[in-house]
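Participant: The lines below spell out each chain.
Protein chains: 2
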Amino acid sequence: MKKADVVVIGGSAAGIPAALSCRRNYPEKSVLLARREKQALIPCGIPYMFGTLKKPEEDLIPDSVLEQNGIELVIAEVTEIDRKQKTLSVTDGEPIGYDKLVLATGSLPATPPIPGIEKKNVFTIKKDIAYLADMLNVINNTRNLVIIGGGFIGVEFADECKKNRDISVAIVEMLPHCLQLTLDEEFCIEAEDILTKKGINLLANKRVESILGNEQVTGIRLADGQEIKADAVIIGIGAVPNVELAKKSGFRLATSTGAILVDRSMRTRTDKDVFACGDCAVKASFFSGEPSNIMLASIASAEARTAGANLFSVHQRYIGEIGVFSTVVGGRTFACAGLTEKKAKDEGYNVAIGKVSVPDRHPGSMPGMTLMKMKLVFSKDNGVILGGEISGGPSAGELINAVSACILHRMTATDISVFQMGTHPAATTSPIMYPLVNAAELAVMAIR
Amino acid sequence: MKKADVVVIGGSAAGIPAALSCRRNYPEKSVLLARREKQALIPCGIPYMFGTLKKPEEDLIPDSVLEQNGIELVIAEVTEIDRKQKTLSVTDGEPIGYDKLVLATGSLPATPPIPGIEKKNVFTIKKDIAYLADMLNVINNTRNLVIIGGGFIGVEFADECKKNRDISVAIVEMLPHCLQLTLDEEFCIEAEDILTKKGINLLANKRVESILGNEQVTGIRLADGQEIKADAVIIGIGAVPNVELAKKSGFRLATSTGAILVDRSMRTRTDKDVFACGDCAVKASFFSGEPSNIMLASIASAEARTAGANLFSVHQRYIGEIGVFSTVVGGRTFACAGLTEKKAKDEGYNVAIGKVSVPDRHPGSMPGMTLMKMKLVFSKDNGVILGGEISGGPSAGELINAVSACILHRMTATDISVFQMGTHPAATTSPIMYPLVNAAELAVMAIR
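Protein chains in written order, with this note's numbering: chain A, 68 to 515; chain G, 68 to 515.
Since the hints were made in silico from the structure, they are not lab data.
Watch out, some of these pointers could steer you wrong.
Note that identical chains are pooled: a pair holds if it fits in a single copy or bridges any two copies.
Unchecked claim - Quick list of in silico lysine-lysine cross-link-like pairs, DSSO-like style, CA-CA up to 27 Å: (1) Lys193 with Lys409; (2) Lys440 with Lys264; (3) Lys105 with Lys315.
Remember, predicted model here, so these are calculated numbers, not experimental data.
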């Protein structure tokens, strides 16, 4: 029987950082990572295999990151966990013994109960390179593509599939706007305008009733009777925790999301020697402590690092999901940290808003200048920041992380209005116009 | 006599935000800004008037920012402050009465006592558009340019003057490396390599003994006897507080730097109705509270916002200078927040370092990918972050601001190792490789 002090099941955005953090925190312990897939994909990069990247293989996570850190890799599916004997059964190969176990089994694409979903050329987003390579071949020969779901996965796929292809692309979204679960309406509308200008057909407020065709998809029918031609359909309506193994092994699951129940150290509530992190583990909001269903690679990696650090001595308490996310639509970055205005209001906050629109270089005539919009959301009652949204150039992807740090530390509008930032003509807004401090200062006025 | 509730003297990176913050915090008060210059320059943009920008006028701060916010602009030099009568005398025009006064008179270029410094075509960096336009004309006809001072101003000028010109450029720096006061040696060397590859001649560890020529400069002589041909010389060795008016008006000045003494609310120690901010005001380190001589537009604006908010009711305490700065050398961004390793050691800290080098996109084959280097400096005794340095693409300019937020909140390496960041293939490093958390995690190991 193989044996390692620590076994991590899963090799993606949770499994790898869990293994790495364990190595760094407990260098004397042996770490083994077991994953089902021959090759691990960068999950966030999947949409970019369909346009920007030259070939699907460019989106692989190199195994060298494991080798270089002395982490043993076993490619096998774990089929059973014997928690008493602390051994794992695997599909092919000898069993594996562990002292501490990390479940990082991720998620599976959600599949809506739409009649016809089983037809050929109807795809979900599986983290499987062979499946995605096949899907790419189909898309390359598709004239009419329908994407079901206008969340960021759907939008990224639409954007990428439209690139360098003579293809008609439609997005069908049940809610009034694309990206509505992650951005406030004004940012959604900005993103939708970009998509529309690229010739993508947006069908919001629409429900898919059925997928048409015989063996192979030929179109979709909406609840309002409208039919849309389609040689291929991509379903991007979210994901569900992959917990089959955990369920079978007697781990308690959350009634809300079905995810593995863990405490704030990322230890399962079922077995003190087993931790869980990433999409398969239960999430709680940083703000309310309530269950949250955000799934992001960045959250997975933060949870995984917490798990890895806590394996042999619990000393890190995870503070809950802030939810920090970026996407790119037609070359423009959209980012959000924490609560949108709508979410904050839905949660009962009395909010104060600060909003600015500024050039992201100074002077504005510096090359590469993009207009940056920022919105900050504060609690009117205590002035504490609840969230921020940005649209702008690529640097919005890092600026949102400064916002995340402000949220983490429960800074007030007054605190942020004198935030000490660095600025440079070729890299940022001017110090006078700096969006974070100006939006905060405007909110200070609104709070009074 | 003119009168305003608040008068701000100075119209640059301190004066404008002081006036704006006052308007926002005290909307009922009238605000007047008096500045000497007909047109205000964006100070950080000055080097870019010499290469990237099409004409000097592109680097102006539009007065509309004042008009739109109901701030009255008076173009006049204030020659005297009558603190008893609370009135200002100005060069031309009627006196101005105030209730609260903000001194934002900035700095003047430091001039070293080098014989020959008065010769024609020897320039300092004055924030004066007519002067700079003349200087640009001279540089456009210069074949041999010598820059005295290899700090970020000198380096930016070298980089810009070399652009699209048939010109030989040399930098003379007294210290062993360019940028040594703001970056650790390994980052200085990286920047120097870029400058050298662009054909800029670096003369480090060299002192200028005299400037040669008759009426007009023809070259410089170094202390080691070497002579270098020069049709023009630019002196960029720093700046000194512009405190002539304050001195004349009886304000107490710091013995260390000559700057106007203020408390942590930015109120002068001399007069409770007068505040000072920006380059003309005394600075204290965030870390030690000791006097600091950092002058940055971003610091000026943070101090100015503090002053503006405190004018009629002191409720904001400035926490001292973290010192966050970015520069761009040959298209590569270099940024620093807080203490470098060297500075931290010089101040007596026992330090732990975390260092990573990662692609700033994921996968690394995403277009626009730049290798990003990050170094974090922690106190080994309590794990608290002291500083961070980055070199990379333009997004380093915002990532350093996330580092600043971590410093502001005295986060430990352990805290930062589970920082919640957003990531996206086209805008950031991958969550697994994210430099901030990985550098912190490596430092956790070094701290143990």
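Participant: First find the shortest C-alpha distance between Lys440 and Lys264 inside one copy, then the shortest across copies, and answer within, between, both or neither for a cut-off of 27 Å.
Facilitator: within (20 Å within a copy, 37 Å between copies)
Participant: Between Lys105 and Lys315, at a C-alpha cutoff of 27 Å, which is it: within one copy, between copies, both, or neither?
Facilitator: within (24 Å within a copy, 77 Å between copies)
Participant: Tell me, please, which holds for Lys193 and Lys409 at an alpha-carbon limit of 27 Å: within, between, both or neither?
Facilitator: neither (31 Å within a copy, 49 Å between copies)
Checked against the numbered hints listed earlier, the structure breaks hint 1 alone; every other hint is satisfied.
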